[in-house]
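Model the full structure from these sequences, guided by the hints.
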Amino acid sequence: MSWRNGIRERAKKALDKPPKYGIDVDVTNFIPKKISINVNLSEYSNELSLVGIDVSEKERMGSFYQFESQIIKAIAKHPGVELMSLEDAIDEYGKDILEWFWNAVPVDQDKFTAIAELKGKGGYFIRVKKGVKLKIPIQACLLMREHGSLQAPHNIIIAEEGSEVNVITGCMMMRETIGLHAGVTEIYIDRKARVNYVMIHKWSRAMYVYPRTGVIVKEGGEYVSHYIAFTALKALQALPKVVLYDAAHAYLSSILALEGDAKADTGYVAYLQGNNASVQIVSRSITKDNAEIIARGKIIGKTNDVKGHIDCQGLLLSTKSRIVAVPQLIAESQDVSLTHEAAIGKLGEEKIIWLMARGFSREEAESILIRGFMSVDITGLPKNLAMLLKGVLKMIAKSVV
Amino acid sequence: MHLLICKDLKVSVGTKIVVKDATFYVNENELVLLYGPNASGKTSLAMAILGHPKYKIVNGRIIFDGRDITNMSMEKRVKLGLTATFQFSPDLRGITLEELAFEIASRYGMSQDQMFKLIELLKLHELLKRDVNVGFSGGERKRVELFLTALQKPRFVIFDEPDSGVDPESLALIGRAISEMVKNGLKGGLIITHVGYLAKYINATRAYVMIDGTMICHGDADLISNHIFRYGFKMCIKRFKGEIYELEEWNKRKS
Ligand SMILES: Nc1ncnc2c1ncn2[C@@H]1O[C@H](COP(=O)(O)OP(=O)(O)OP(=O)(O)O)[C@@H](O)[C@H]1O
Ligand SMILES: [Mg+2]
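These protein sequences, in sequence, are chains A and W. With this note's numbering, the residue at position 379 of the first sequence is 1378, and numbering never jumps. With this note's numbering, the residue at position 181 of the second sequence is 184, and numbering never jumps.
It should be emphasised that the hints constitute simulated quantities derived from the structure, not laboratory data. None of these values were measured; they are calculated from a predicted model. You may find that some hints are simply not true.
Using 35 Å as the maximum straight-line C-alpha spacing, the simulated DSBU-like pairs for lysine-lysine come out as follows [as the list claims (entries may be wrong)]:
(1) 23(W) with 1397(A)
(2) 59(W) with 1319(A)
(3) 1191(A) with 1019(A)
(4) 190(W) with 1072(A)
(5) 1240(A) with 1397(A)
(6) 1297(A) with 132(W)
(7) 1233(A) with 1019(A)
(8) 57(W) with 1350(A)
(9) 132(W) with 1393(A)
(10) 190(W) with 1306(A)
So these bits of chain A aren't anywhere near chain W, every CB distance computed over 12 Å [unchecked claim]:
(11) 1007
(12) 1041
(13) 1043
(14) 1080
(15) 1086
(16) 1191
(17) 1268
(18) 1398
Here a beta-carbon is modelled for each residue, glycine too, at the ideal position from N, C-alpha and C.
Right under this line is the structure:
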């Protein structure tokens, strides 16, 4: 595959390049692993439902399972969509894959993109054909459980003109052990197409998580992204970049509920590249124990009549945790309307008392308030995906108090 | 039979004594009014009876249903069926009224039919899909407060100004909701009010007047109401200063 040599060369040069934000990690400590156990997915159905994965696959248009570096399954249930592993896609498309390969995310962005290209295995390739609208979601499940493992899949989603696809990605570390997850996701949304993307992460105390995501939304396209991470982890850093052309729109939310000694630095960067493009960046950060979250949001308005808003809220559930809100607005044209709001606080005692007067215990009252705090706009999602998201958030609100 | 008795109650918030001396009772199947000027300590009294941890009982006793609940936690009191509607209810962003109502109703075994009846009665349809109290008008908040409390099928409720800022039509709705609560098991209530308008729609038997943290008089609801509307609290203070006064007796003695 000579066409890939140039890409690999660029990657090699970036192997020592630290991430722009978050703590640096020695990536050489981690290598891709095979699973050391026999996998019977149905045994994990309860755990997997925590990250939105339904092993019965009843209400799913397709399923992709990757355990460590092995692909267990990649099946789509609709002729209008291709779903396969990246390796299979490269086999099938050959050089033509370059149209969607390392264009939305630069391969030499930092050591994490570099290692994904050089050592990474797997990842899914989803291509939805022109005009095909799939309201029922496709699910992708990425699991880890081995000590010292590197999981660096490269995912690609292509929504052709006028199409629609809903994708749930659930990622999980199944044991309390050290690992590095550095998944790359590139999403290409063509004219008037729509992608709703829900990503749910549940890691463990010793996990390093450095996903790299780039999204390109062409004229009139729509992108909705909900990123959810909960429980503990060691370090998380992610800053998906979304480029929006004429009249394209994006709603980008991150909901983090972190505990233990978790350190997270997350958010989105949106480039309003075309006229009438618009974006909303929403973050809801909850910290417990010693957790720390830096919630970023950055909008760059480059052309006429673009609109952008950042809504950044933090909720501290312990005295030792820390939240930093960093909204940033950059106007490079006169005709932009960019705004932001940010607020950080704790649970309102009077609200808790009022809910207790309505018959709830203190814990239940807190969980209701946390659920309210986490709620984001889900009106853009089809009903089953919206319900799924609500269910996951409800479960998190219960478990976090 | 006394359902609730408060004897020599003294309540503090922080370092401040907010209720100095409150003695009163509510009988079973009785709705009693509590009057008093602003800042006289009515809400503080309500919160102390509810068991709000900020309101500390420094002296006196609270007996509910024959049980001394003076040192009982708020959670336990609410479990016994004692609760309060709040004068100022909070906004709950991200939680719809419908969602919360279902949660309360299901935990108290309130049937859907009973719930829909209350929704109908309090004309709440339009509010169900909205976040609780967010952007609600003053009157809407009062109706919602009554509604959610009714879903708990409480035995005893302290209604903290359910009629303040409520238009006459909504007032009738609130009155009917209280009657509905009685049907669903409400055995007694203390209604804090400035105006007593609600008295038209419910059958209040007696009334108390609290001034400057002290219960200063007590008597027939109509008599006290008329007295306050005619003379204001000033006369009340002047005439009944220093003791809890049985208005009826005073009237009898006068005639
Ligand atoms: N949490 C608190 N912290 C400090 N002061 C308080 C607190 N709660 C009540 N107070 C004070 O206690 C006094 C009585 O207040 P309370 O709310 O009980 O009055 P009220 O009779 O209900 O008045 P209103 O008719 O205006 O509702 C007031 O001076 C008030 O400022
Ligand atoms: Mg008051």
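Structure-based check of each hint:
1. 23(W) with 1397(A): violated, 41 Å
2. 59(W) with 1319(A): Cα-Cα ~29 Å, so holds.
3. 1191(A) with 1019(A): It holds: about 33 Å lies between the C-alpha atoms, which stays within 35 Å.
4. 190(W) with 1072(A): violated, 62 Å
5. 1240(A) with 1397(A): Given pair residue 1240(A), residue 1397(A) holds - Cα atoms ~32 Å apart, limit 35 Å.
6. 1297(A) with 132(W): Cα-Cα ~32 Å, so holds.
7. 1233(A) with 1019(A): Distance of about 18 Å is within 35 Å: holds.
8. 57(W) with 1350(A): holds, 13 Å
9. 132(W) with 1393(A): Satisfied, since the Cα-Cα distance of roughly 18 Å is no more than 35 Å.
10. 190(W) with 1306(A): Outside the cut-off at roughly 57 Å; violated.
11. 1007: Fine: 47 Å to the nearest Cβ keeps residue 1007(A) off the interface.
12. 1041: Given a closest Cβ separation of 31 Å, the condition holds.
13. 1043: Holds, since 30 Å exceeds 12 Å.
14. 1080: Residue 1080(A) is indeed farther than 12 Å from all Cβ atoms of chain W, at 34 Å.
15. 1086: Non-interface label stands for residue 1086(A): nearest chain W Cβ at 42 Å, farther than 12 Å.
16. 1191: Non-interface label on residue 1191(A) holds, nearest chain W Cβ at 30 Å vs cutoff 12 Å.
17. 1268: The claim stands: residue 1268(A) keeps its Cβ more than 12 Å from every Cβ of chain W (closest is about 26 Å).
18. 1398: Non-interface label stands for residue 1398(A): nearest chain W Cβ at 17 Å, farther than 12 Å.
The structure does not agree with the numbered hints 1, 4, 10 stated previously, though it agrees with the rest.
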